[in-house]
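Visitor: Sequence:
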Amino acid sequence: MEENLVIVESPAKAKTIEKFLGKNYLVKSSYGHIRDLSKKNLGIDIQNNFEPQYEISEDKQVVVKELKKLSKDAKCIWLASDEDREGEAIAWHLSEVLELSKEKTKRIVFHEITKEAITNAIKKPRSIDLNLVEAQQARRLLDRIVGFELSPLLWKKVKPSLSAGRVQSVAVRVIVEREREIIAFQSSYSFKVVGTFLIKNKENETVELKAELSTKFATKEEARKFLEICKGADFKVSDIVKKPAKKSPSAPFTTSTLQQEASRKLGFSVSQTMVIAQRLYEEGKITYMRTDSVNLSDLALNLAKTEIISEFGEKYSQTRKYKTKSKGAQEAHEAIRPAYLDKKTITGNDAEKKLYDLIYKRTIASQMSDAELERTQVTIDISNSNHTFQASGEVIKFDGFLRVYSESTDDEKEESPKIIPPLKVNQVLDLDNIKATQKFATHPPRYTEASLVRRLEELGIGRPSTYAPIISTIQQRGYVLKDNRDGIERSYSNLVLKNQKITEETKKEITGQEKSKLFPTDIGMLVNDYLVGKFQSIMDFNFTATVEKSFDEIAEGKMTWSNMLDDFYKKFHPLVEKFMNVNEYADGKRVLGKDPQTGKTILVRIGRFGPIVQIGEATEEGDEKPKYASLRKEQHIETITLEQALELFKLPREIGEYESSKVVASIGRFGPYLLHNKKFYTLKKGVDDPYTIELPRAIEVIDEKRDADKNKIIKEFSEDSGLLILNGRYGPYISYNKLNYKIPKASVPANISFKECMEIIESSPEKKPSRGFSRGKTTNSPKANTYKAKGSSAKPKSETTQKTKTEKPKTSSTKKTSSKTTGTKKAVASKVKKK
DNA sequence: CAGTGAGCGAGCTTCCGCTTGACTT
0 MEENLVIVES PAKAKTIEKF LGKNYLVKSS YGHIRDLSKK NLGIDIQNNF
50 EPQYEISEDK QVVVKELKKL SKDAKCIWLA SDEDREGEAI AWHLSEVLEL
100 SKEKTKRIVF HEITKEAITN AIKKPRSIDL NLVEAQQARR LLDRIVGFEL
150 SPLLWKKVKP SLSAGRVQSV AVRVIVERER EIIAFQSSYS FKVVGTFLIK
200 NKENETVELK AELSTKFATK EEARKFLEIC KGADFKVSDI VKKPAKKSPS
250 APFTTSTLQQ EASRKLGFSV SQTMVIAQRL YEEGKITYMR TDSVNLSDLA
300 LNLAKTEIIS EFGEKYSQTR KYKTKSKGAQ EAHEAIRPAY LDKKTITGND
350 AEKKLYDLIY KRTIASQMSD AELERTQVTI DISNSNHTFQ ASGEVIKFDG
400 FLRVYSESTD DEKEESPKII PPLKVNQVLD LDNIKATQKF ATHPPRYTEA
450 SLVRRLEELG IGRPSTYAPI ISTIQQRGYV LKDNRDGIER SYSNLVLKNQ
500 KITEETKKEI TGQEKSKLFP TDIGMLVNDY LVGKFQSIMD FNFTATVEKS
550 FDEIAEGKMT WSNMLDDFYK KFHPLVEKFM NVNEYADGKR VLGKDPQTGK
600 TILVRIGRFG PIVQIGEATE EGDEKPKYAS LRKEQHIETI TLEQALELFK
650 LPREIGEYES SKVVASIGRF GPYLLHNKKF YTLKKGVDDP YTIELPRAIE
700 VIDEKRDADK NKIIKEFSED SGLLILNGRY GPYISYNKLN YKIPKASVPA
750 NISFKECMEI IESSPEKKPS RGFSRGKTTN SPKANTYKAK GSSAKPKSET
800 TQKTKTEKPK TSSTKKTSSK TTGTKKAVAS KVKKK
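Residue numbers 0 to 834, in numbering that gives the first Met the number 0, belong to the letters of the first sequence in order.
Honestly, the hints are just simulated from the structure, not real lab data.
Predicted model only: the values in this text are computed from it and were never measured.
Hints may be right or wrong, so weigh each one.
Here are the computed distance ranges between Cβ atoms for each label pair [as the list claims (entries may be wrong)]:
(1) Thr465 / Asn47: 40 to 46 Å
(2) Glu310 / Ser536: 49 to 55 Å
(3) Ser56 / Asn726: 58 to 64 Å
Below are the PhoX-like pairs computed for lysine-lysine, each with C-alpha atoms no more than 20 Å apart in a straight line [to be verified]:
(4) Lys417 / Lys246
(5) Lys507 / Lys434
(6) Lys704 / Lys683
(7) Lys396 / Lys246
(8) Lys417 / Lys191
(9) Lys230 / Lys497
(10) Lys246 / Lys320
(11) Lys12 / Lys114
(12) Lys548 / Lys324
(13) Lys191 / Lys506
(14) Lys434 / Lys423
(15) Lys59 / Lys27
(16) Lys417 / Lys201
(17) Lys360 / Lys320
(18) Lys714 / Lys741
(19) Lys353 / Lys343
(20) Lys516 / Lys481
(21) Lys219 / Lys434
(22) Lys588 / Lys533
(23) Lys704 / Lys677
(24) Lys245 / Lys320
(25) Lys342 / Lys304
(26) Lys74 / Lys59
(27) Lys684 / Lys714
(28) Lys215 / Lys199
(29) Lys434 / Lys360
(30) Lys516 / Lys570
(31) Lys434 / Lys235
(32) Lys199 / Lys245
(33) Lys74 / Lys38
(34) Lys245 / Lys417
(35) Lys209 / Lys417
(36) Lys711 / Lys741
(37) Lys649 / Lys684
(38) Lys103 / Lys22
(39) Lys516 / Lys209
(40) Lys342 / Lys352
Note that the Cβ used here is the ideal one computed from N, Cα and C, for glycine as well.
Start from the sequences and build out the full structure, keeping to the hints where you can.
Guide: Pasting the structure below:
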């Protein structure tokens, strides 16, 4: 039995601290919060002064039980959770749940995991700060009230299973508003003029000097006029200005800056970065990865200094302390840095090495000297014009931190600074050519995951531990889609003056290309507009900042938590009640115009399965049912035109009969197809067009596919038509009722018997049936429970009450996973038995 | 892997912040 029990939040932290503290201390972890509001209902007794109903979470039962037992035996319990609102609350919940007496409980905090920091903390214990705990509670309850009152409103007025919340709804708003800016953006252009001059350098070689004209021209005519003037002109250097400049390194990484840089430099998604960083942390290679602090421990500062001096010399070292500037930072940890600064590289997979390298360089660079530069600005006069050319260049005099690391920017087309060849004032320059290029203004950029994180951090919304989950939530709800766009070709013109002759050329460029950008969906825009219109204060970008001020006052003892909540609730709840009872549904309906053929109204709206156009309304005169058509993937309620809508009704198109069944052409989720006798035949892009294809060609397509399918089947079974051995993209496989199974390497595909197939199916790992129907991508969900498809796909519960002997390779100890997934497995197994 | 736009209508969905596994291809 140990005398001292120390409880921290993370098991990896526990391991390190235990080493520092020695034998008399047992260090355990709570794995974050151990209690939360009841999930079944609101979890708050509003009438009873907002009394919270806390429950020990299902997955924390085991930990709590263990901690309870250990704390009974220990003489002293040290609660060492983080020194911030959440950490204080964790400590308090622990003391409540473990029924710790005041006498044997001590609260300690440290901001860095070093031996010194921890032994110092042990010397200065305090008691739990109840004000801070109440501030956390207010935060928790407010979030619950907002989330659990707004979401049901959306279920009723928009669509089931939607969600809203203080953080996620504002995140969606950021993206929706950017999209609207882009939609409203009017592309304009101007002509940028660049002169190329030929200059002899010291070695007497001819080098080019490019200089840009100080003005841009609005029209081609103006640009041409200018070039005409230049025809006989002289070009003379009128001014050379040299200025020293400095560049300083960026601060060490926080969660958000790490996510941004890993995205720009390594192309990692936000969640990828976090998964890799977690692994590095668990292996003791970096410090904690969820932090908003830029602070480095003295130990780290000293190590960095030693390392820099031995590697680059004294001149390169400059010890710096950084201050956090982001809103609402709580600074419970250090910045993200290598645990051991003398380790330049690590073992691990490629991604781990790359991320570590990034962290290592950023940390080291942050402790290095400024880079010293010399910027040169050259002005070139034109003999018969008042315009001037400007050339600027940059020379690095001393590289300083740039030797190790330079931060990337989101701006893709940044030109690297040029070196200016030696020039003298009044020197006359030899003109090679002048080029006037048509440049189009670009719309504001769409957000990437990482730039959204940066924006949220600026707004003080969300915390390091939630940035990645926020991004996956708004995608899972279907508010936002991470997507690529091909871009379209656009032509632009160039005027070139060379050898006293002006020529015009038309060139092509691809514009509007997007990769892994966040696009709002129709439902995202709809929900956003609904909430912005009705709950302005919560949807305000400053809402979080405002309530944070109140939480701070609660933490300082200047405000009572329940009063704060009461004030909020009194204003908020009646609004929810009002809109709940008003008979109005939000379907984003927009009238496009009249159908030229029937004169009926054409409108777009959100339907059960996504956005649709329809001709006629149920309420309109006439007895016919409205005609419907789904919008295509890249069309939106907000932007579709009447012409585009009419186009949609041309499909599905009946093109004739074959083998006494109808042949129909249309476009589905995966592009154009033919439907014949309940079978689908894909129409290849660029080969066949569903709008124009005729019967003879359609028959060809069908026959071709049949031929291919014949070769696909290796073996059929008379015992069960649902069972097939097929030849697929990756070689032969077994298909049984639409689920696929691997064939063991030893067997010959054509010789496998029915019995053997069934054995393979039964012994293979569980399958999730692929689901259909939703128009968006099937979510790439990190959480398993998002796979509960509604309505369609597998129906595990209803038909699988009978028990079957399904051997699982591992005896699963965790209840949760088995109950969740065995349903589908049993469904397969029970069907086997019936036969 | 793909069409639908209704239907009886029970019972379900949901928040933000702390943490780590448990799965699968």
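Visitor: Please name the hints from earlier in the document that this structure breaks, with their numbers sorted from lowest to highest.
Guide: 1, 3, 14, 26, 27, 28, 29, 30, 32, 33, 39
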